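Colleague: What follows is the residue order along each chain.
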Amino acid sequence: MSQTVVSTDPGVRHHAHHFDSAEHEFDSAKQGMWLFLVTEVLMIGAIFVAFMTFRGLYLEDFQAAHKLLSVPLGATNTVILITSSVTMVLGVTSAQRKQKGLTVLMLFLTFLLACGFLIVKYIEYTGKFHHGIMPAGLYTGVNEFAASSDAFKLFFSFYFVMTGIHAAHVVIGMGLILWIMRRAARGEFTGGYYTPVELVGFYWHFVDLVWIFLFPMLYLIG
Amino acid sequence: MTTHASPAGTNYLNWEKGIWSWMKTLDHKRIGLMYLASVLFFFFVGGMFAMIIRWEHLSGGPTVINQATYNQMFTYHGVIMVFLVVIPAIPAALGNFILPMMLGAKDVAFPRLNLFSYYLYVAGAIFASSSLFGWFGNPPADTGWTFYTPYSIRTSPTVILVLTGAFIAGFSSILTGLNFIVTIHKLRAPGLTWGKLPLFLWALYATSVVQVLATPVLAITLLLLILEKVIKIGIFDAALGGDPVLFQHFFWFYSHPAVYIMALPAFGIISEMIPVFTRKPIFGYKAIAYSSFGIALIAFLVWGHHMFVSGQSEFANFTFSLLTMLVAVPTGVKVFSWVGTMYKGSISYEAPMLYVFGFLELFMIGGLTGVFLGTLAIDVHLTQTYFVVAHFHYVMVGSTLMALIGGMHFWFPKMFGKLYNERAAAVGFWMVLAGFNLTFFPQFILGSQGMPRRYWSYLPEFTFLNQVSSWGSFLLGLGFLWIAIYLAYALLKGERASDNPWGSLGLEWQTSTPPPLENFATTPTVKEWSYDYRPGTPLPGSKTA
Amino acid sequence: MSDHKQHHILSTRLALTIGAVLLSLTGFTVYIAHFDFGRWNLIVALLVAVTKAMLVCLFFMNLLYDKKENSLIFATSFFFLAIFFTLLATDVFFRGPVKLAKGQALYLVATGAQAKPKFKRPWVATPELVARGKKVFTQNCASCHGDQGLGNGPASASINPKPRNFTQNDDWKKGRKVTDIFRTLTNGLNQMPSFASLSPEDKWAAAHYVQTFGAKAAEPAPADFALIKIDPNSEFGGAAATVKSIPIDVAIELVVRDAQRKN
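Chains as they are written, first to last, in my numbering: chain A, 1 to 222; chain B, 1 to 545; chain C, 1 to 263.
Source of the hints: derived by calculation from the structure; they are not laboratory data. Hints may contain errors.
What the hints assert, rightly or not - Listed below are the simulated DSSO-like cross-link pairs for lysine-lysine, each with C-alpha atoms no more than 30 Å apart in a straight line: (1) Lys-196(B) / Lys-174(C); (2) Lys-173(C) / Lys-120(C); (3) Lys-134(C) / Lys-177(C); (4) Lys-30(A) / Lys-98(A); (5) Lys-344(B) / Lys-30(A); (6) Lys-128(A) / Lys-232(B); (7) Lys-67(A) / Lys-229(B); (8) Lys-286(B) / Lys-196(B); (9) Lys-68(C) / Lys-30(A); (10) Lys-134(C) / Lys-118(C); (11) Lys-67(C) / Lys-196(B); (12) Lys-67(C) / Lys-100(A); (13) Lys-174(C) / Lys-134(C); (14) Lys-67(A) / Lys-232(B); (15) Lys-67(C) / Lys-527(B); (16) Lys-68(C) / Lys-527(B); (17) Lys-134(C) / Lys-229(C); (18) Lys-121(A) / Lys-232(B); (19) Lys-286(B) / Lys-67(C); (20) Lys-216(C) / Lys-174(C); (21) Lys-344(B) / Lys-24(B); (22) Lys-344(B) / Lys-128(A); (23) Lys-229(B) / Lys-121(A); (24) Lys-98(A) / Lys-68(C); (25) Lys-543(B) / Lys-527(B); (26) Lys-98(A) / Lys-67(C); (27) Lys-30(A) / Lys-118(C); (28) Lys-196(B) / Lys-30(A); (29) Lys-68(C) / Lys-286(B).
If you're wondering where the values come from, they're calculated on a predicted model, not measured in any experiment.
So here's chain A without its partners, still in its complex pose (with noise of 0.2 Å):
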């Protein structure tokens, strides 16, 4: 099933042979990927149910907790993945249209708001590490760190886990988006065979669709 032979002609291409066309297969990677995204709903949903329980039987703890996160720190992360949104739904319709430059160019362009999302994240991170700011068997925070409960440390372990495995995902996102960013400089796609850089786009999107709930969860309401 060799893809590497690609049509100029978007209509036909190759398609692996047990599939009945490229639409077929196109489809069938399409209903793939969004089974794929249902288990990542699951996956993370349930640390947000666990938060959500957290939250809902240590209300003021968490409040109070969610003060030391940085809200300036946090929209900005916002800002990046929503512009790389963009930026991605570009990269798929000019891969669309056939548009090899800008193709390239936009995937660059998610990625590199990819890194400046990890260079914020990094930034928080280590701030929380020098004040003490851990995951809650770890937690050293004094003075105006100082937790005041369990449940003040548990918000931590909460932000950081749901925070790290976040971010986790978008450095897979990275490695994915450079793999496509290769193969669309080598002119691979057309209207009739975009699928892996859809494909791609589905998980970004995904990647910020979690951001989008995490944000305010954690650094918003607390």
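Once you've looked at the hints, dock chains B and C against the given chain A.
Modeller: Relative to the frame of chain A, chains B and C by itself:
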């Protein structure tokens, strides 16, 4: 990697030879066989642990191992049997082989993903099994396969290896389910409408939905537990303000639907075999199909019945007990449909049908005792006793294992082009059935009398039944060994099978045996329902080629 | 299936517009976080987040222009997540019957929860005490001792030696007087746990009921009362009879809070 139709006259087994051709294969049939071999291997390993446990229980005091080792034994028995055997067994092994053929398709939707899933299984298995040798000098895991906190947080770090193994194997399960859903949606042959979809596929479809929805929660649970041990996040640790019962919620949210991942495909196989060996159309086709989804849905509503004495609220106890009663309904629908199929049928007693009867006996007992346990007021007394151990072995072995072995016999000619010896198979079946009942029925009694589970020793009054159980287990083990022996013999020296020795109307039987690489010479068009056995339907022709 | 079907291509203008809307909503949610709406904070934040999510799903991920199948698949995941949270909530948000008013100290509830004793001089048997004793016995003792007191209750199957058969008058290790039974209840004996958590008058009542299974025992002497630190000249037994126990659920709550206070 290019695959093309295999040369005429070859089949999927001989068109490409050599170990490397198997390791890089994209053919769902070969992948299914690799899974089957691996699952059977780990069944043997998990069985070894069971033998040690039963050997220890020949007496109430020390017999062969000490308490710490005992805890490790039941842990690894559970981990291996659940994650590496019973969960993948039918979907990944038989499902992979048969599903595309029943659809009239050339392969699953994502063959490379399929191979990747297999290697994930192998990786998970390696992580989990390697932990048996300890980790950096720490002893093997001893938490039970349920990893309850806070003990799992405090105990040996080797647990992390087991958790990682289960995590990775979980993704094998998820991706297989994903693959099957897209395959069933998108790769049906012309004419194969939903109303003609074989019941094994309805079952696999429901199973795949459960796999995709439930297993990710297991993944995050195991990951969180690893993080608990490594960076002390405290979410499940009361000493840090967390909630150990929350761990149980997270764990059982997957692990209860998991038992339906084990059972649903088994139901599907039973539904396939009964019409063939009673020469009657399946009774209640739609009911069986829909009940698979009914079971799949209810599966997600009842996990708290594993936690009746955990300290969860009375409200939760009440709710979960009530909801648990629901699951008996669609299950009962299936059993009545199967019995209705056999009624006035012309039953023949080849090995697959023997296993159908075995399934019916074991699963009925297992299922009914499940209703006892789901009843809150009774569970309070029976929980954490051998009653529970007996119950889940009856349902898990009763469903999955009976259907797996029965299915292996049913599709053996299709997969290998050889016939096994029926007499040998009957001997094996009776050894397994007798051995199983001798092993586990006494455990219902032991449990109701108060013998706790996961205890290394027991009070003197439990000795006799424990010895019965242990000797039963040795018979059971011998039965499995016997099955392995005659099946291996059949593989090597069995009679050549005809294309359709059972005279089945199933689509997978309408191609040559063993099948060619792409399953069908030309894509079939499905015109008939595959259960349309009537008087006048030709009986099986010669079984041999 | 045709290869020539044109897929929907999102216009650049629409993409940029949606992006702008998303950024504005982000600004809005940050702004609105400065106001405290109490429990509505969560709802407002979630509403904004869901709106943003819908825009991403419908436009950027193409669901608006795609087969409904994929939307159904994606939506199903949230449905099951909701099931998880809802049924989990029946446990975590409904635990413990101890409901405190705002600011109320648990300790005060604990001490206030003690029931005032009803029976004066409970070491003297009365029909009411024996009736009370039967209730206490059925709830606490019958599972081991059997409801006829023969030592053959359901839980006795796994106990070795068997629980005492109250119909036999001989060989009671700690004695058969009502004060002896009181003492055994307080201290426990071999495999029988201590029932010190029962109130003194419940223990007296149970003791009286147990005695009805066999022949009448001797009356306790002053020395017997001294042994259990009960003053037979007082109304309820003196200082030692003051309830030091609290309801189990209150005790559990205290233990949990105690553990959480440790840093």
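Colleague: Confirm or reject each hint.
Modeller: Evaluated hints:
Note on Lys-196(B) and Lys-174(C): the hinted pairing is violated, with a Cα-Cα distance of about 76 Å set against a maximum of 30 Å. The hinted pair formed by Lys-173(C) and Lys-120(C) meets the criterion: a straight-line CA distance of about 29 Å does not exceed 30 Å. The straight-line distance between the Cα atoms of Lys-134(C) and Lys-177(C) is roughly 18 Å, inside the 30 Å bound, and the hint therefore holds. Among the hinted pairs, Lys-30(A) with Lys-98(A) is consistent with the structure: their alpha-carbon atoms are about 20 Å apart, no more than 30 Å.
A distance of roughly 47 Å separates the Cα atoms of Lys-344(B) and Lys-30(A); the hinted pair therefore is violated under the 30 Å criterion. For a cut-off of 30 Å, the pair hint linking Lys-128(A) to Lys-232(B) stands: about 16 Å separates their Cα positions. Taken as a hint, the Lys-67(A) and Lys-229(B) pair is honoured in the structure, with Cα atoms around 27 Å apart against an allowance of 30 Å. For a cut-off of 30 Å, the pair hint linking Lys-286(B) to Lys-196(B) stands: about 10 Å separates their Cα positions.
Restraint check for Lys-68(C) and Lys-30(A): satisfied, since their Cα atoms lie roughly 13 Å apart, inside the 30 Å limit. Proximity of Lys-134(C) to Lys-118(C) is assessed by CA-CA distance (about 16 Å); at most 30 Å being required, the pair is judged to hold. Under the criterion of a C-alpha separation no larger than 30 Å, the hint pairing Lys-67(C) with Lys-196(B) is consistent with the structure, at around 24 Å. Distance hint between Lys-67(C) and Lys-100(A) is fulfilled; the C-alpha atoms sit about 28 Å from each other, no more than 30 Å.
Distance hint between Lys-174(C) and Lys-134(C) is fulfilled; the C-alpha atoms sit about 21 Å from each other, no more than 30 Å. Distance restraint check for Lys-67(A) and Lys-232(B): the Cα-Cα separation of roughly 22 Å lies within the 30 Å cut-off, and the hinted pair is therefore satisfied. Pair hint Lys-67(C) plus Lys-527(B) holds up; C-alpha atoms about 28 Å apart against a cutoff of 30 Å. A C-alpha spacing of about 28 Å is found between Lys-68(C) and Lys-527(B), which places the hinted pair at or below 30 Å, so the restraint holds.
Proposed proximity of Lys-134(C) and Lys-229(C) is supported: the alpha carbons are some 25 Å apart, at most 30 Å. A distance of roughly 21 Å separates the Cα atoms of Lys-121(A) and Lys-232(B); the hinted pair therefore holds under the 30 Å criterion. With a C-alpha separation of about 26 Å, the suggested pair Lys-286(B) and Lys-67(C) falls inside the 30 Å cut-off, and the hint holds. With a C-alpha separation of about 16 Å, the suggested pair Lys-216(C) and Lys-174(C) falls inside the 30 Å cut-off, and the hint holds.
Distance check on the hinted pair: Lys-344(B) and Lys-24(B) sit about 48 Å apart at the alpha-carbon level, beyond 30 Å; violated. For the given pair, Lys-344(B) sits about 74 Å from Lys-128(A) by alpha-carbon distance, which is inconsistent with the 30 Å threshold. Proposed proximity of Lys-229(B) and Lys-121(A) is supported: the alpha carbons are some 24 Å apart, at most 30 Å. With a C-alpha separation of about 27 Å, the suggested pair Lys-98(A) and Lys-68(C) falls inside the 30 Å cut-off, and the hint holds.
Under the criterion of a C-alpha separation no larger than 30 Å, the hint pairing Lys-543(B) with Lys-527(B) is consistent with the structure, at around 25 Å. Restraint check for Lys-98(A) and Lys-67(C): the C-alpha separation of about 24 Å stays at or below 30 Å, so the hint holds. Taking the CA atoms of Lys-30(A) and Lys-118(C), the gap is about 74 Å. The hint is violated against a cut of 30 Å. A distance of roughly 26 Å separates the Cα atoms of Lys-196(B) and Lys-30(A); the hinted pair therefore holds under the 30 Å criterion.
Distance hint between Lys-68(C) and Lys-286(B) is fulfilled; the C-alpha atoms sit about 25 Å from each other, no more than 30 Å.
In the structure shown, a violation is registered for the earlier hints numbered 1, 5, 21, 22 and 27, in ascending order.
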